[in-house]
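Peer 1: Sequence:
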Amino acid sequence: MADIHVEEFYKDVAIALTQLYGAFPRRVNVFVEDIAGPDEPDEFGLHSKRHMACFGALLWLAEEGLLRYVDTIRQEALDQAVLTRHAFIRLSAPAPDALAREFGVADGKATGALPPSIQEDLSTHIHLVRTALRSGNSARISQVMRAIFFADHSND
1 MADIHVEEFY
11 KDVAIALTQL
21 YGAFPRRVNV
31 FVEDIAGPDE
41 PDEFGLHSKR
51 HMACFGALLW
61 LAEEGLLRYV
71 DTIRQEALDQ
81 AVLTRHAFIR
91 LSAPAPDALA
101 REFGVADGKA
111 TGALPPSIQE
121 DLSTHIHLVR
131 TALRSGNSAR
141 ISQVMRAIFF
151 ADHSND
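Sequential numbering from 1 applies to the sequence shown in our numbering.
If you're looking for bench data, these hints aren't it; they were derived computationally from the structure.
A couple of the hints might just be wrong.
Unchecked claim - Quick list of in silico lysine to any residue cross-link-like pairs, SDA-like style, CA-CA up to 25 Å:
hint, residue 1, residue 2
1, K49, V6
2, K49, S138
3, K49, T72
Stated by the list, open to error - Quick list of the computed label-pair ranges, beta carbon to beta carbon:
hint, residue 1, residue 2, range
4, G45, D79, 15 to 23 Å
5, G37, R85, 24 to 32 Å
6, A98, P41, 40 to 48 Å
Where a beta carbon is used, it is the ideal one built from N, C-alpha and C, also for glycine.
Construct the complete structure from the given sequences, taking the supplied hints into account.
Peer 2: What follows is the structure, given as structure tokens:
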């Protein structure tokens, strides 16, 4: 089992990437509160560790070339964020067959009767991210995010 902060990181970036993919190619504001939940700054105006970890995850995505943004809105949001070409290609790419099978989208029972274009959509990384988020299963979310981050994407 991974450290809880790593599991939270995977969930935060999964939610952020899903939001940005859903808005692509429009620029949108990405609010930490929409990802990590409500946060009340303390008497000194400082956010919780959880809030700051999520904000840090968003900044990390930008530093790693997965998203771009115009500015930060204090420590509460990224202003006018959009996926990079690199991230869009990764999320749109088919997931490895073994991972797709684990999520039940590569076997004939789940997709055999569907047109090939629909089958292809169901096997993309973004579909698996959405499926993992809907499940609420931290291990599944971590598994699919690791596949996105660590897979060989030499053609990106």
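Peer 1: For each hint, tell me whether it holds in the structure or not.
Peer 2: Against the structure, the hints come out as follows:
1. About 13 Å separates the Cα atoms of K49 and V6, which keeps this hinted pair within 25 Å; it holds.
2. For the hint pairing K49 with S138, the CA-to-CA distance comes to about 19 Å; that is within 25 Å, so the pair holds.
3. Taken as a hint, the K49 and T72 pair is honoured in the structure, with Cα atoms around 18 Å apart against an allowance of 25 Å.
4. Between G45 and D79, the C-beta spacing of about 20 Å keeps the proposed range 15 to 23 Å intact.
5. About 31 Å separates the C-beta atoms of G37 and R85, a value consistent with the hinted range of 24 to 32 Å.
6. Between A98 and P41, the C-beta spacing of about 44 Å keeps the proposed range 40 to 48 Å intact.
Going down the numbered hints, you'll see the structure goes against none, and every one checks out.
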